[in-house]
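Colleague: Whole structure, please, built from the sequences with the hints as guidance.
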Amino acid sequence: MKFRSILMASAMVASAIGLSSAASAADIKEVQMLHWWTSGGEAAALKVLKDDLAKKGYAWKDVPVAGGGGEAAMTALKAMVAAGNPPTASQILGYFAVDYAEAGKLADMNSLAVKEGWAKVVPTALQKFTTTNGKWDAVPINIHSVNWVWLNKAVMDKIGGTEPKNFDDFLALLDKAKAGGVIPLALGGQPWQEATLFDSVVDSTGGTDFYKKAFIDLDAAALKSDTMKKAFDNLAKLRAYTDPNYAGRDWNLATAMVIKGDALVQVMGDWAKGEFKAANKEAGKDFLCYRFPGTDGTVIYNTDMFAMFDVSADRKAAQLALADSAMSIEVQSAFNIVKGSVPARIDVPDTGFDACGKKGIADVKSANEKGTFVGSMAQNYAQPPAVAGAYHDVVTKFFHGEIKSSDDAVKALYSALNGAK
Amino acid sequence: MKTIAVGSPSRTDAPSGSLRTKLQMMLPRIVLAPSFALVLVFVYGFNLWTFFLSFTNSKAFASTHLVGIANYVKMWNWTFETDPPSNWHTALVNMVIFGGLYVGFCLFLGLALAILLDQKIRGEGILRPIYLYPLALSFIVTGTAWKLFLDPRIGLEKAVHDWGWTSFHFDWVVNPSKMIYCVAIAGIWQSSGFVMAMFLAGLRGVDSEIIKAAQIDGATTYATYRRIIIPMMRPVFLSAIIILTHLAIKSYDLVLSVTGKNPGGAAELPSTFMYSFTFTRNQMAVGSTSAVMMLATIAAIMVPYLYSELRQKRT
Chain A
4 MKFRSILMAS AMVASAIGLS SAASAADIKE VQMLHWWTSG GEAAALKVLK DDLAKKGYAW
64 KDVPVAGGGG EAAMTALKAM VAAGNPPTAS QILGYFAVDY AEAGKLADMN SLAVKEGWAK
124 VVPTALQKFT TTNGKWDAVP INIHSVNWVW LNKAVMDKIG GTEPKNFDDF LALLDKAKAG
184 GVIPLALGGQ PWQEATLFDS VVDSTGGTDF YKKAFIDLDA AALKSDTMKK AFDNLAKLRA
244 YTDPNYAGRD WNLATAMVIK GDALVQVMGD WAKGEFKAAN KEAGKDFLCY RFPGTDGTVI
304 YNTDMFAMFD VSADRKAAQL ALADSAMSIE VQSAFNIVKG SVPARIDVPD TGFDACGKKG
364 IADVKSANEK GTFVGSMAQN YAQPPAVAGA YHDVVTKFFH GEIKSSDDAV KALYSALNGA
424 K
Chain B
24 MKTIAVGSPS RTDAPSGSLR TKLQMMLPRI VLAPSFALVL VFVYGFNLWT FFLSFTNSKA
84 FASTHLVGIA NYVKMWNWTF ETDPPSNWHT ALVNMVIFGG LYVGFCLFLG LALAILLDQK
144 IRGEGILRPI YLYPLALSFI VTGTAWKLFL DPRIGLEKAV HDWGWTSFHF DWVVNPSKMI
204 YCVAIAGIWQ SSGFVMAMFL AGLRGVDSEI IKAAQIDGAT TYATYRRIII PMMRPVFLSA
264 IIILTHLAIK SYDLVLSVTG KNPGGAAELP STFMYSFTFT RNQMAVGSTS AVMMLATIAA
324 IMVPYLYSEL RQKRT
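For the record, the sequence lines run as chains A and B.
Here the first sequence stands for residues 4 to 424, numbered as in the numbering used here.
Here the second sequence stands for residues 24 to 338, numbered as in the numbering used here.
Just so you know, not all the hints are guaranteed correct.
Claimed, not checked - SDA-like cross-link-like pairs, simulated, lysine to any residue; straight-line CA separation at most 20 Å:
no.: 1; chain 1: B; residue 1: Lys181; chain 2: A; residue 2: Asp246
no.: 2; chain 1: B; residue 1: Lys201; chain 2: A; residue 2: Asn248
no.: 3; chain 1: B; residue 1: Lys181; chain 2: A; residue 2: Lys179
no.: 4; chain 1: A; residue 1: Lys179; chain 2: A; residue 2: Pro247
no.: 5; chain 1: A; residue 1: Lys424; chain 2: B; residue 2: Phe84
Hints listed in this document are in silico derivations from the structure and should not be mistaken for laboratory results.
Modeller: Dropping the structure here:
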């Protein structure tokens, strides 16, 4: 199979790069970092960390592997680890960290973690991904959450809308926008975007306890319940407010529709804020951010982490310095102001953050206390990739009409999630 | 290799000469050995590895725990799961639609263009590269360009509306049930020029005496092509079909770029299925199984072809 061998060959090339850079890393004063933050804003955020390490006297050896969702980076990382030359650390998402931890490829950072008291400042639910059997092996650098809505304020003023407090309010607001002649809902019709939207819809329809039962515990009764059916019905209602050309649209193009005022609202994770920022729009003045109606108080999160690999003894000091920098209050604050996300420590002051960032920080803190800080199913933070993939399939097939009714969707969801477990 | 054989010395009786001859005879093998070894390991070796993985329970990483034919059973069941269609079922149906349209139209357009270009027209030197040019673009560029061109909001539909025909409606690229046809359109645009070049070479090889003889016998141009020239293109047809078929089966970037990450799972192809299960869903064993099934499909086409070719040579 030619395609397969091309993939293999590229994996070999990637590992060769890993080999050569490892060979030059005889100097222990160097941090080798694999990541896919190559766009302008992301690179600027990473520079915060880079500069902090430079102050401590550690050089930064960049291993960027471009590609939005990090798929290419994960393939390169697999090759580097398989070749026995892991980077000092790698940007990593959700269950990929668990996979490497279970394979025994990650380092033990407990000496630093205990000293710095990470367990007290990192949201409890998130520690599932950063620790394995009580051992810290990854550090979270930020928290994103998916249950946000982003609105164009000028359009909102024009149609005289107010903040929707629940799902019915939201539909009423969308109706107003429709009557006002704008596209109510800007949506990118790609499986992961539809699934991300459905995360919020499920939480709004059934509440956070229901969300946990269904998606964290994969409870059969919850998955097959009428509440889940109602969630699918609600999702179908939202479909009526999109423009006809949404299928296949990229998320940032949907954000652009809101920025330009062609559309009223987009439901998207807080990385959408970066697009508003890049267009020189100001939170509260040009655009508004609310929690998805009916999910206020809940944070459906995903997070970027740095997995710390089990490196040779002469590279450990650099690794500890990297972890220390990444978890310091100053870096967490400066990094996330640039990146548009929320710090992964709940004790970082919200000075310097915009209105949306301030709300995000407060929400994470209260959600952590109330136990409403839950992983996003669509973003691989509730279930492993196999199950999340099956979830994407069912949601997108329902959204595009291949699954005809919410009855069928509930059945398909249950069997797909079980089949992938 | 030829120069080495030609340059063999005349003094073959001397012992040093015979050693030299031996060396010279071995040289081609020595030169070829590294690439042969590389192909052996990186093509056939990894084929076997993939085949092995399809019998294991590999997830994120390769595992050697054997589970028998469980993965094949799973895939077999998916093949017939139609309500709602499983990803694998959709992938197979799309493969037939896309592959059939792609191969069929490329052959038809390629042959038609080649015949028209072969009429000793003026400016052939300019026209030929124009038709061939799409081949110089990668599939991902082709796909992205066609996605923009067919997008109702900014592309064809909007342009026609701006010209005044406002009832014109063409939204295939954002309609999941029609998306696969857009992939085929982009693919056909990309490859038919290449097929044209192959046919043109074939047509140039036809002996003009045969055509003259047909003309003397009073055959019309249509009959000459239909009965004589096109049947003579048989070897070109075979080569073109083989090339197009394997392009269709392994096509990956084209479908992702035209459809925008496969909304509704409606534009799934075996290659996208294989990639997503192996690399993003951490179900390496299932991905490997689908890869083996793709390989088997290609083999089912290639083996009879090679067999018939080799048999023809022997006779």
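Colleague: Take the C-alpha atoms of Lys181(B) and Asp246(A), compute the straight-line distance between them, and say whether it is at most 20 Å.
Modeller: Since the Cα atoms of Lys181(B) and Asp246(A) sit roughly 15 Å apart, the hinted pair holds (cutoff 20 Å).
Colleague: Lys201(B) and Asn248(A): Cα distance at most 20 Å?
Modeller: 13 Å, holds
Colleague: Between the alpha carbons of Lys424(A) and Phe84(B), is the straight-line distance 20 Å or under?
Modeller: 16 Å, holds
Colleague: Holds or violated: Lys181(B) with Lys179(A), Cα cutoff 20 Å?
Modeller: 27 Å, violated
Colleague: So if I understand the rule, the pair passes when the alpha-carbon distance is 20 Å or less; does Lys179(A) with Pro247(A) pass?
Modeller: Measuring from Cα to Cα gives roughly 18 Å; hence the hint holds.
Consistency with the previously given hints fails for number 3 only.
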